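Participant: Sequence:
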Amino acid sequence: MTLLTYEIFSQIIEQGSFAKAAEIMHLTPSAISHAVSSMEEEIGTSVFVRDKNGVKLTATGEQLYPYIRKILQANNGLNQTLDDMKGLDTGFVKIGCTNTVCLAWMPDIITGFNKMHPSIQLQIFQGSYTDVCEWAKRGSIDIGIISEKACEGLEFEPLYKDELLCVSPKGYFDKNIKKITPEELKNQPFVVQQDSYNKDVNSYLYEHQLEVRANCHILDEQSTIAMVQCGAGLSIMPTLFIKTNTANVDTYPLEPKEYRILGICYSDKTLLSAAAQALSSHIREYVDSWEQE
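For the sequence shown, the positions run 0 to 292 when numbering that gives the first Met the number 0 is used.
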C-alpha cells in the first residue's frame, strides 16, 4: 500500500463518503473505489461498509485506522521538517475550537499568525466539546482548544482559567446580592446547554446537586444569553463569552468561585508538524498577552 492509499482511506472516513473524498482529493470516484478495492484485496478483508447513512469502518478498518493516521501525521511532520531545513515557512494546519473561542480569540489569532507565517494555511473547524475531542482523536484536526473536562483520551496543555458566572435577566435578583451561592440556584428556572457543548457548567450543577428547572435546552451561547435576557431563566456562562456579548443581563460571581480550564489538546504532540507547533506557540503567546490586557 502507498501513502496515497492511506490518504484516500483517511479522507473517506473524514468526509463520510467515497464521492466527497474523490472531490476533496481531485480524483475520480472510480479511482477512489479502485484504491479501496486494491487495499481490501491486499489485506484479505473489507475495511468499509456502505449503507444509507454513508460509510462506516469495519472491525478491521477500526483496527487499522490509528496506525494509518500516525503514518500520515508522521509523513506530514517529515515534510515540514524538510521544509524547515530548506528555510521554507510553509504548511497546512487544521484547528478545532468551540463557539466562544471562535468568537473571542480566533480572529486575532488568525490575523497575527497570517502576518508572521503567510505561507502556512490555516483551516478552522468550529464545533462542540465532543466534536473537537473526536476530531483530534481521529486526526481530522492537528490541534484543538477545549475545556480540560472535555479532553478525555488526549494530551492537554492548559492555557486559560476562565471564571464561570451566573447570568440572570435584568433585575431578577435583589440589588443587594453581589454573589450567587448554589443554594440560591436551587429550583430556579434555567436555560441549559447540551452537555457536549457545556460540560463544565453541567458538571457544576451535578457536583452541587442542583435540581434546576430546565426550561430551555440550547446549543450555543448566543441563544442561551438571548433566552436569559427575555426572562426564560438563569444560566451559568464563562467570562470569556460574556466579554464578547452586549446582552442586557446581570452577571454575578459564584460563591465559591468556579472555573473552567481552557487549553490546547493533541492526539500526539510528538507528531505535530512544524507548522502546527508554530501555531500552538502563537496561540500561547496570544492568550498570555490577552490575559494581561
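Misleading hints may appear alongside valid ones.
[What the hints assert, rightly or not] Capping the alpha-carbon separation at 27 Å, the derived lysine-lysine pairs in DSS-like fashion look like this:
| # | residue 1 | residue 2 |
| --- | --- | --- |
| 1 | Lys69 | Lys256 |
| 2 | Lys55 | Lys136 |
| 3 | Lys178 | Lys160 |
| 4 | Lys242 | Lys256 |
| 5 | Lys174 | Lys136 |
| 6 | Lys256 | Lys185 |
| 7 | Lys114 | Lys268 |
| 8 | Lys69 | Lys178 |
FYI, nobody ran anything at the bench for these hints, they're computed from the structure.
Note that the structure is predicted; figures quoted are calculated from it, not measured.
Participant: Run every hint past the structure and note whether it holds.
Facilitator: Taking the hints in turn, this is what the structure says about them:
Proximity of Lys69 to Lys256 is assessed by CA-CA distance (about 41 Å); at most 27 Å being required, the pair is judged violated. For the suggested pair Lys55 and Lys136, the alpha carbons sit about 17 Å apart, so the restraint of at most 27 Å is met. Between Lys178 and Lys160 the CA atoms are separated by roughly 19 Å; this keeps the pair inside 27 Å, and the hint holds. Our distance criterion of 27 Å between C-alpha atoms is met by Lys242 and Lys256, whose separation comes to about 18 Å.
Proposed proximity of Lys174 and Lys136 is contradicted: the alpha carbons are some 47 Å apart, above 27 Å. At roughly 17 Å between alpha-carbon atoms, Lys256 and Lys185 fall within 27 Å of each other, so this suggested pair holds. With a C-alpha separation of about 25 Å, the suggested pair Lys114 and Lys268 falls inside the 27 Å cut-off, and the hint holds. Restraint check for Lys69 and Lys178: not satisfied, since their Cα atoms lie roughly 49 Å apart, outside the 27 Å limit.
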